[in-house]
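With the hints as your guide, set chain B onto chain X.
Number of protein chains: 2
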Amino acid sequence: MYKTSKVVFSPRVRKSPYFNSTIKYGVQAFSVYNHMYMPTSYEGTIEDYNNLLKGVQLWDVGVERQVQIKGPDAEALSQFLTPRNIKKCSKGQAMYAPFLDFKGGFINDPVMLKIDEDCYWFSLADGDALLWAQGIAAGYKFDVDIHEPDVSPLQVQGPNSKELMIKVFGNWVNDLGFYRFKEVNHEGISMVIARMGYSRELCYEIFLQDHSKGDELWEILWQAGQDLNISAGTPNIILRLEGGILSYLADIDRTNNPYEVGLDWMVDLDQEDDFIGKESLREIYHSGPTKKLMGAEIPGDPITAFNEERWPVLIDGKKIGSMNALVYSPRLDKNIAYTILSIEHAKSGKEITISSPEKEIVAITVDLPWLERT
Amino acid sequence: MYKTSKVVFSPRVRKSPYFNSTIKYGVQAFSVYNHMYMPTSYEGTIEDYNNLLKGVQLWDVGVERQVQIKGPDAEALSQFLTPRNIKKCSKGQAMYAPFLDFKGGFINDPVMLKIDEDCYWFSLADGDALLWAQGIAAGYKFDVDIHEPDVSPLQVQGPNSKELMIKVFGNWVNDLGFYRFKEVNHEGISMVIARMGYSRELCYEIFLQDHSKGDELWEILWQAGQDLNISAGTPNIILRLEGGILSYLADIDRTNNPYEVGLDWMVDLDQEDDFIGKESLREIYHSGPTKKLMGAEIPGDPITAFNEERWPVLIDGKKIGSMNALVYSPRLDKNIAYTILSIEHAKSGKEITISSPEKEIVAITVDLPWLERT
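Residue numbers (my numbering), protein chains in the order written: chain X, 19 to 392; chain B, 19 to 392.
Chain X with its partners taken away, still in its complex shape (with noise of 0.2 Å):
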C-alpha cells in the first residue's frame, strides 16, 4: 500500500521518551515530525486501526512539542495569536487554537491548554511554531518568557481506554470531561492528562512531564491493559479521515485559511481582542472563501493506492482542485477523501474524477465528517 525507503537514526532527529518502549512492542516505520521520529505502523494501516477498536491502544504523539507562554502578557500574547476566542478557556481547559498568518493561513494548528493564569501550552503539529510565537513576543513587546518545556504526549485511544485510565489513576478519570486535563503525580511521574486526542474514539493524552520516565509510563499502563485488549499504534489515516480531522501539511497548510476547512466555528471576529490575520479574515468572511474542503467517495471495490502527494481533481477535463488524502474504511465500507475544490464546484452530490499516476477515478463529493465523536 505504502511505498517506503529507509530513514537512517542520527543524534540530528530527536528520540522520543517512549523511543525504546516502540521498538519493544514492534514498529514498523517512522516519520519525522517537528525534528523527532514519529512511528507510523506497527502491523499495518488496516491492522492497528483495528487493533484500536477492539481494545485500547498507546500512541507515542511524543512529537507533538508543547510551546510554553509564561508570564504577565501570557494571556494577551496567546489571545493575540489565535482566532479563538481564549477568555472564553478555564484553568484546566483545553481548546483548539490554530495559529494564522496576516494572512489568514493556518502557520500551525496546535491544541491550547490553560495550565494556569498565566501559563499556556500549545501542542504543535508539525512546523517549529516556537519560533513564530518568539519572534512576535519579541517585537510587539511581549512581557512573556515562551520556551519548549520537557513535555512529551502519549495517547491512549480506543473502547477501552477509560476502563484502563481508571484502573492506573483512579476514580476521578470518570468524572474528567471532554477537554479538561488535570495535573497528576503517579508513582513519582509529573503528568497532565487530558481527555481529548487524535480521533473521535474515547480517548485520553497523557503529557508526561519528564522524559526520562517515557518507558516506565509506557509500561505501566501496558502491564495495566493485559487483560483489556491493549496493542500499540499510531495517529491513523483511516481515524482521521472517519472524523473529518486535518493533519497539518497533509491535508491542509500555509494556503488555506479556516474558512475553507469547515474551521469556521473557531474565528471569533466579534472579540473586543486584536488577533493576527482579523483584518483578513474579515474580508474572507463577507467575501466568501474561494475554495472549500469537502468529503470525496469513491465507488467500488477497496482501493490500496496511497497518494505520496496530492492529485488534481478535474471536471469535464479542467483542474477544478485537489485529493489531499485517501483511503478505505473497513466500518464505512468505502473509499473515502479529503477534497480542496474551487467554491463553485463544493457542492455534495457532484461527481468529479481524481487524477492519479496510475488512472482516473471517478468519486462523488460528500459533506464532512463520516463519523462523529464516540
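Do not rely on the hints blindly, as some may be mistaken.
Because identical chains share one entry, a pair is satisfied inside a single copy or across any pair of copies.
Claimed, not checked - The list that follows gives simulated cross-link-like pairs (lysine-lysine, DSBU-like), each with its CA atoms no further than 35 Å apart: (1) 21 / 33; (2) 377 / 33; (3) 180 / 159; (4) 88 / 337; (5) 185 / 21; (6) 296 / 88; (7) 24 / 231; (8) 336 / 231; (9) 24 / 377; (10) 296 / 200; (11) 377 / 200; (12) 88 / 121; (13) 109 / 377; (14) 24 / 368; (15) 159 / 185; (16) 159 / 365.
Rather than coming from a laboratory, the hints here were simulated on the basis of the structure.
Positioned in the frame of chain X, the structure of chain B alone reads:
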C-alpha cells in the same frame, strides 16, 4: 554501521524536484529535513565518499529552503537577524550568516546570498526560520516581503566539478570567485550558480528556480559528466568532520553560541547596527564561553559504531561534555569526532573517555579542522 527503519512516503512530507532522479540513480535511504525527503545514502557512507573524491558528484540538497527577504528594509532586517556585518557583502556575493536568538543561541545557520540591493536569500539548515524572520519583521515593523521562493539547490561536488560546470555552463565558471554567484538561464532553466557547498572540496551550488525542471537539470549534468566519473551522493559525514563543518541540530543547536563553536570570526560587535543577540554576545565575549567545540581522535582500528544520540564525555569518571559526531576518515586513516567540552578541559592533547552504550572509548582532543579547503 547505521541502524535504520522504514520511512513511509506521504503527502505531509514534500519531495525535492530531483526526487525522481535520486530514485533513478540508486538512492538507498532518506531523512526528513525542512518537511522534505533528504537523500542520505547511495552505496554507503564510505563508498559515496570515495566516489566523490575520484570524480564529480551530484547532491540533491533541495531541502535547503530559502527565506527570501525583499523590500525597502531588506538590508536592515537581514542585518538585524545575523551578527555578521552584511554591509560588507556585495550583490552577487554570499556569506555564512547564522540567525541567533536574543541569548546568542543558534536559531539556524544559513548561508546568505545578496541577490540584489533590496533582496536577500537565506539558505536554511533544518528548521522553520522563515517563521522567525516573519515574526520579527512583523513585530519590529520592517517594510519587507518575506516568503519561501521556488528555489531548490543542487550541489556539484568533487575534483572534476569545475570541469563539468565549465563544460555545461561555459568558460565564465573559471572566473567565478569563492562565495560568488551568477544568475544564469541555461536551456530555458533559470538558476543561480554559486561557487560554494557543504564540503572543503572543489564544489558548486546550483539554485534551481523552477521546481518543474529538477530532473531535466540533473540529466543535463549527468550526461555531461559521463567521462568525468560522475556519481550520485549526499552530504557526507566524513567530509563534514574532516573539514570542521557543522551540521545544525546534529553538532550544534540553540544551546550553543558562536564563541563556543569556533565562529568568533563571524560576530561583528563593533558594527554600528544592532542585531539580535548583540548584548548577550558582548557579555559572552567578555566573560568567555563556558564550553567549546573540540576535535577528538580515537586511536586504533576503524570504528564502525555510529552514535544515534550524543554520548557523554568523561574525565576521571566525571561528565565534562558530549561527543556529537564520530566517523572513520579513510584519507586521514583516523577515527575523528566532534566533542563539546566544558571550557577548562577544552585544550588539545587531553585524554578523554567517550561513554558509548557498548563500551568506554579513549580519545585525544585536537584542534579543528583536520583538512583545509581544496
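Tested hints:
| no. | hint | verdict |
| --- | --- | --- |
| 1 | 21 / 33 | both (23 Å within a copy, 13 Å between copies) |
| 2 | 377 / 33 | between (39 Å within a copy, 21 Å between copies) |
| 3 | 180 / 159 | neither (44 Å within a copy, 50 Å between copies) |
| 4 | 88 / 337 | between (47 Å within a copy, 32 Å between copies) |
| 5 | 185 / 21 | neither (40 Å within a copy, 37 Å between copies) |
| 6 | 296 / 88 | both (24 Å within a copy, 24 Å between copies) |
| 7 | 24 / 231 | both (29 Å within a copy, 26 Å between copies) |
| 8 | 336 / 231 | between (54 Å within a copy, 23 Å between copies) |
| 9 | 24 / 377 | both (28 Å within a copy, 27 Å between copies) |
| 10 | 296 / 200 | within (32 Å within a copy, 41 Å between copies) |
| 11 | 377 / 200 | neither (51 Å within a copy, 42 Å between copies) |
| 12 | 88 / 121 | both (27 Å within a copy, 18 Å between copies) |
| 13 | 109 / 377 | neither (52 Å within a copy, 48 Å between copies) |
| 14 | 24 / 368 | neither (40 Å within a copy, 38 Å between copies) |
| 15 | 159 / 185 | neither (47 Å within a copy, 54 Å between copies) |
| 16 | 159 / 365 | neither (45 Å within a copy, 41 Å between copies) |
In terms of the numbered hints stated before, the structure departs from hints 3, 5, 11, 13, 14, 15, 16, listed from lowest to highest.
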